[in-house]
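Asker: So you can see what is in the structure, the chains are spelled out below.
Protein chains: 2
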Amino acid sequence: MKRFLVDKIDGNNVTLTGAEHNHLHNVLRLTEGTEVILNAGDGFDYHAKITKTTKSSTELVILNSTKNLADPKVSVTLFQALTKSDNMSLIVQKCTELGVSKLVPFESKFITAKDKNGKADKLQLVANQSTKQCRRSVPLLVGQTLKFNQMVSKLKDYDLVIFANECEKTMPLNCDISKYKNIAIIVGSEGGFDKDEINAIVNAGGKSVTLGNRILRAETAAISLCAVVMYLMGEWNYEN
Amino acid sequence: MKRFLVDKIDGNNVTLTGAEHNHLHNVLRLTEGTEVILNAGDGFDYHAKITKTTKSSTELVILNSTKNLADPKVSVTLFQALTKSDNMSLIVQKCTELGVSKLVPFESKFITAKDKNGKADKLQLVANQSTKQCRRSVPLLVGQTLKFNQMVSKLKDYDLVIFANECEKTMPLNCDISKYKNIAIIVGSEGGFDKDEINAIVNAGGKSVTLGNRILRAETAAISLCAVVMYLMGEWNYEN
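For the protein sequence lines, the chains are P and Y, in the order given. When we follow the numbering used here, the leftmost residue of the first sequence carries the number 1, and every step to the right adds one. When we follow the numbering used here, the leftmost residue of the second sequence carries the number 1, and every step to the right adds one.
Do not rely on the hints blindly, as some may be mistaken.
A pair counts as met if it fits within one copy or between any two copies, since identical chains are not told apart.
What the hints assert, rightly or not - Heads up, simulated DSSO-like pairs for lysine-lysine below, C-alpha to C-alpha not over 27 angstroms straight-line:
#	residue 1	residue 2
1	Lys2	Lys154
2	Lys195	Lys84
3	Lys181	Lys147
4	Lys122	Lys154
5	Lys169	Lys132
6	Lys102	Lys119
7	Lys207	Lys73
8	Lys169	Lys179
9	Lys195	Lys132
10	Lys67	Lys2
11	Lys2	Lys156
12	Lys52	Lys154
13	Lys102	Lys49
14	Lys207	Lys49
15	Lys132	Lys84
16	Lys67	Lys156
17	Lys154	Lys109
No lab work stands behind these hints: they were computed from the structure.
I would like the entire structure built from these sequences, with the hints used as guidance.
Answerer: Now the structure itself:
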């Protein structure tokens with residue numbers, strides 16, 4: 001059943017406009033009577049039926065609601081140094097599927113990305129699309145791009161900060177992380193981090209870890225570290 | 001230091017021709033006296049110096065050799081149902097970085113890929129490029145595309161066969177897999193598997209596992225499952 005994101009569900013009647021209406025009406029060409037699922041980011045799947053669809057909007061009536069089981073049970077935020085635009089989209093898409101709650105791009109000394117504002121709006125659309133595909137009800141949230149020091153000042157808000165540090169030669173990722181509730185992951189750009197940046201992250205409580213002897217591309221490091229963290233947090237168990 | 005793949009190292013003098021010579025001479029424009037690393041797939045890094053480079057070939061002399069530390073210590077083979085071509089390239093690239101030894105494409109009932117021969121030669125080039133980037137000496141080997149039944153008949157050669165089964169609602173991936181030496185992973189295409197195919201894999205010894213409640217795209221399942229398996233096998237520990 002096709003899924004659509006709405007801002008809010010209030011009562012039994014919903015009107016879809018904008019991009020989601022356009023997707024329903026002009027791309028998928030769904031018609032009156034078709035049943036779909038609406039997600040309002042509140043942890044529920046709202047089963048609804050199309051009652052009217054016109055050029056400008058679609059009217060739906062809600063039939064019932066069930067708890068969404070695909071939303072992550074843990075809170076993981078990826079702080080990602082700006083990579084090239086295509087890689088940033090790939091990271092957002094894969095991290096949404098993996099159950100990451102928030103992705104915050106940040107600037108660092110050696111970033112090569114030309115567009116430093118990180119195109120949060122465009123990345124949020126990628127996240128929204130991936131949210132529907134993987135059947136979450138709450139989208140991954142793409143934050144505004146932070147300066148390096150702003151990113152570091154946020155780290156105190158987390159129980160555990162895992163820092164993928166290419167200079168780390170000793171500590172692997174500890175598999176015993178399921179006791180934490182609110183985890184941050186930090187991954188660098190294609191250019192890596194400056195020595196002072198590494199020190200700043202570690203001094204702010206970042207647990208420096210190695211991902212082994214192979215040099216991973218920035219997007220590979222982000223996707224595979226998020227996959228392993230989610231696995232260790234029990235997010236690969238199936239809930240009926 | 002730039003890396004180049006050669007078929008064989010025999011004595012102290014090496015001649016580079018074909019694609020690797022072209023990359024050195026015409027793309028990177030390296031000149032006489034430049035030091036590079038040669039890999040012949042034997043677990044060593046051969047440090048060499050360019051002695052002569054012409055339009056058709058490059059001559060090098062080997063200075064010394066050291067053990068390559070980026071090659072995987074475990075043997076993992078990914079049997080991947082044919083996905084769309086771009087996704088297949090993405091899987092090969094990422095799995096090379098993650099330390100997978102071999103990738104074998106196979107046909108299944110619901111594949112949508114138009115090109116059923118899987119373009120093994122093109123995928124091997126992706127693997128070779130990624131091998132150099134992540135600093136392995138032995139490339140990931142891309143096998144010829146198998147029929148479904150041929151794939152199933154190969155499974156008896158492995159200590160453990162992990163089968164990412166979207167219909168599995170009970171068993172998660174067991175974290176205690178480091179005792180195995182020779183592991184196979186099976187991941188489906190965008191279209192998933194037919195019920196008979198699922199039964200055939202399980203009957204041949206495939207351990208059906210769930211990756212959780214979120215629906216993962218085929219390439220996300222492949223990359224993230226390989227990442228988790230490599231982590232559990234100790235491949236994210238750093239070796240000095």
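Asker: Each hint needs a verdict: does it hold in this structure or not?
Answerer: Do the hints match the structure? See the list:
1. Lys2 - Lys154: neither (37 angstroms within a copy, 38 angstroms between copies)
2. Lys195 - Lys84: within (22 angstroms within a copy, 41 angstroms between copies)
3. Lys181 - Lys147: For lysine 181 and lysine 147, the Cα distance is within 27 angstroms only inside one copy (26 angstroms; across copies 45 angstroms).
4. Lys122 - Lys154: within (24 angstroms within a copy, 44 angstroms between copies)
5. Lys169 - Lys132: between (39 angstroms within a copy, 21 angstroms between copies)
6. Lys102 - Lys119: Classified as within: same-chain Cα gap 15 angstroms, cross-chain 37 angstroms, threshold 27 angstroms.
7. Lys207 - Lys73: This pair counts as both: shortest intra-copy Cα distance 23 angstroms, inter-copy 26 angstroms.
8. Lys169 - Lys179: both (25 angstroms within a copy, 24 angstroms between copies)
9. Lys195 - Lys132: This pair counts as between: shortest inter-copy Cα distance 25 angstroms, intra-copy 40 angstroms.
10. Lys67 - Lys2: within (17 angstroms within a copy, 53 angstroms between copies)
11. Lys2 - Lys156: Close neither inside one copy (39 angstroms) nor across copies (40 angstroms); limit 27 angstroms.
12. Lys52 - Lys154: neither (46 angstroms within a copy, 54 angstroms between copies)
13. Lys102 - Lys49: neither (31 angstroms within a copy, 48 angstroms between copies)
14. Lys207 - Lys49: Close neither inside one copy (49 angstroms) nor across copies (40 angstroms); limit 27 angstroms.
15. Lys132 - Lys84: This pair counts as both: shortest intra-copy Cα distance 25 angstroms, inter-copy 21 angstroms.
16. Lys67 - Lys156: neither (32 angstroms within a copy, 41 angstroms between copies)
17. Lys154 - Lys109: Close inside one copy (18 angstroms), not across copies (49 angstroms); limit 27 angstroms.
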